[in-house]
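Residue numbers (this note's numbering), protein chains in the order written: chain S, 1 to 267; chain Z, 268 to 541; chain G, 542 to 871.
Some clues are possibly wrong.
Selected chain G positions facing chain S (in silico; Cβ < 7 Å) [unchecked claim]: (1) Val-634; (2) Ala-638; (3) Asp-665; (4) Ile-848; (5) Val-850.
Because the hints were derived from the structure by calculation, they are not lab data. From the three backbone atoms N, C-alpha and C, an ideal C-beta is built for every residue, glycine too.
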Amino acid sequence: MNGLALYGRYVAASLRAQAQYPAATLMLTAGHCAATAVEILGVFALFDRFGPVGGWSFGEAAVFYALVNIAFSIADLLTRGFEVFGTDFVRTGAFDRVLLRPRAAALQIAGHEVRLSRLGRLAQALAVLIVASRLAPIDWDPATVAIAVWTVAGGVALFVAILVLQATLAVWTVESLEIVNVLTYGGVQAAQYPFNIYAAWFRRLLTFGVPLACVAYYPVLAILKRSDPLGAPDWLLPIAPLAGFAFLALSFLAWRAGMTRYASTGS
Amino acid sequence: MQEICPYLAAFRARFQLMLQYRAAALAGFATQCWWGAIRIMVFAAFYGVHASAAPISLADAVTYVWLGQALLALLPWVADPEIGQAVRTGGVGYDRLRPLDAYGYWFARTLGWMLARALPRAALMALVAGIVLPLVGLGAWAWRPPSGLAAALLFIPAFALMTALAAAILMLANVIVAASLNERGVNAVLTPLVIVFSGSLLPLDFFPDAMRPFLHVQPFAGLVDIPFRIYFADLHGSAALQGLALQAGWTLVLVGLGRLAMERMMRRLEMQGG
Amino acid sequence: MLQILVEALAKTYRVAERAPGLAGAVRGLVRRRWREVHALVDVSFSLEAGELLAFIGPNGAGKSTTVKILSGILRPTSGRVEVGGLVPYEERVKHVARIGVVFGQRSQLWWDLPVLDGFDLLADIYRVAPARYRRRRDELVAMLRLEPLLDQPVRQLSLGQRMRAEFAAALLHDPAILFLDEPTIGLDAPSKLAVREFVRRLNREQGVTVLLTTHDMHDVEALAERVVVIGQGRLLADSPFASLRAGVLAERRLCIDFAGPAPALEMDGVTVRARTDRALELAFNPVDIPTPKLIAAITAKHAVEDIHVDEPAIEEVIARFYDLHDAHEA
């Protein structure tokens, strides 16, 4: 059985485990949906009071909000194993158990749990996207749809990469570093507004430090068929999400270094 | 004095225990700085377009954000995790054996839990947003001291009442958790309510004007919106006193409800022999 | 056929020394002081296919470090390790496909999944062909009497039931070597017996090589042909179990209640362990003085009310054994 098929088996096992508590799972999903959906209320209230900002209407801003939330919810759904790697695997020694199996460690960690409750965020983000499509002039032709899917894919790659880095650090720190929340939850928080409203240092940090702008701001400009008010060339916009995949590749290099380190120190 | 000693001890024990989680406090602090920075930049952008549409000045909005981030852990987001645990493990039975008012005992413990998480972060936040930012020339984005002596003096009871109100809300949530054993369900309802209606997401006056009459009388307003506006004297004079009265009134109502619910639950536990 | 070869194995950890308190933590960020901890020093031994070896030693002696290196999780600082012709930590994936590991205190099953679903998943993880998997599974289910447990989620099993399921899980891919890390810890007496019986059958009937670490001398007594003692990272003894039995395990106790005051008793090969007004507890080795002879000698001279023979408590034997080999908790 190849890696992908085995991953499928892991996912199925995780879903079956959660299906044993259907009420709890449903409630968690609904709760997650409500807790994350309040953000769009905040965005709406500000636009309602102040009017358009940075050249953007509420409908357009909602597209930024929707796509980054969709990407993050999918990444969040898939990466539970990396998120709890420090506390649940390294500290408890359960990671030894993983290494005793003849499969790549990253595959087993990725397959640890698929958290259905994260569909709550996905649901509200999709709802926002539908509303935004009515408010903003988006022409959903095949090319635009393709860019949207590609944007979400790049975003998922970036957020997965951040969680893999958090897990890698846990080899050294043993604890899961919650500070990484700044990049995950904080990243979503930042990327749900168009980036040109932010200060320059902040934009640079989220473009060249962690390429969040490349998987949120730039490709959404392409979807809205707008040029960057800050002057990034138009051809760059749709290919920017590549940066998310590059970041993912880098994070797995770090992961391998972490594995070498684990083999020489243990827990 | 003798009378309140056990409650003080319960408070202190929990407070000291929570203070040990230094790494969690630092991580929480960093996250809240980042959050605060984003919120402030967003506010700045909107004020830049149409400042006159705002109900408060940008400087006050900035202070509101920092204050909110500093005291975030004081908000009753989630029921006290120890309560659900105590019911599941039967530890609640021990609580009934103590010659104490059970509500008061839990209330003190919950208060200790909340304050121990909030105060270290608030101190760090005051240091960074209140002192370091002005020193490095970013005074415009700093957390400012209270607007005048009256505001400062009024903020003391406002802060005390906000803490008591938060604890009263948490206690009600705790009792529902204990009775239903459904921690996640309770939190799922509680969290979004608190974020929106306390003014944690946005100062309540930023929501559409039509909602104001409702937003200003509901209990959650006493958690963030009222005390913070007293802090920068947006609420002053009789309006401030009205705000304090609203906080106090809701606190009393919720404590009463909490006691009632707790008594009923305890009676049920006794009947079940649990 | 040589299955496990360990030569001059050493493992040294570098541990950051940190002064207590916040000041220490801050100083630790700037300049770290390192201390070297020698977890293993010059350990050598080998194991033939089909052998059953018990690894004993106090906590922190290096047992689990050795097992971790042998199972490919940990890389040694120096020395040579080969298991079934592979260097475990160089070719982890290939190596672990051939071994089975059971940790007494750690589960490899899925808490919320029925036992059978966990087995299915493991078969996929280990790439066991379906037909072979079904045959092997049915065999293990029969041996371990798992039939009634297969549909239950793991979280509902008792510890004894779970350990039986753990054994099956570790053996589905038919490993030639089985590592057992304190497999009977916390089990009740019947479960312990069942585990020992199963391990013995596995070893004798199926020729599985077993390396067992344990604190339980009864495990050793019931299973091992050979015992390795490890203490403070060094190999202290490597001897057949029979010689262990003839040595430290042989001692017996004689407890005597006298009709009158307890006499002063002096006999060769007998030591007085405890005395009260009217009672004595003697220690002796039946190889030197046969028990009937000793009893006869005493009852001939003194009026005795009650007399019985005891074995020393197993914990006491272990402690003395460690003493003998100068092994103490690190």
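Verification of the supplied hints:
About 5 Å separates the beta-carbon of Val-634(G) from the nearest beta-carbon of chain S, less than 7 Å, and the hint is met. For Ala-638(G), the shortest C-beta to C-beta distance to chain S is roughly 4 Å, which falls under 7 Å, so the interface hint holds. Checking Asp-665(G) against chain S: minimum C-beta separation of about 5 Å stays under 7 Å; hint holds. The beta carbon of Ile-848(G) comes no nearer than 50 Å to any beta carbon in chain S, farther than 7 Å, and the hint placing it at the interface is violated.
A cut of 7 Å between beta carbons decides the hint on Val-850(G): the least distance to chain S is about 44 Å, and the hint is violated.
Checked against the numbered hints given earlier, this structure breaks hints 4 and 5; the rest are met.
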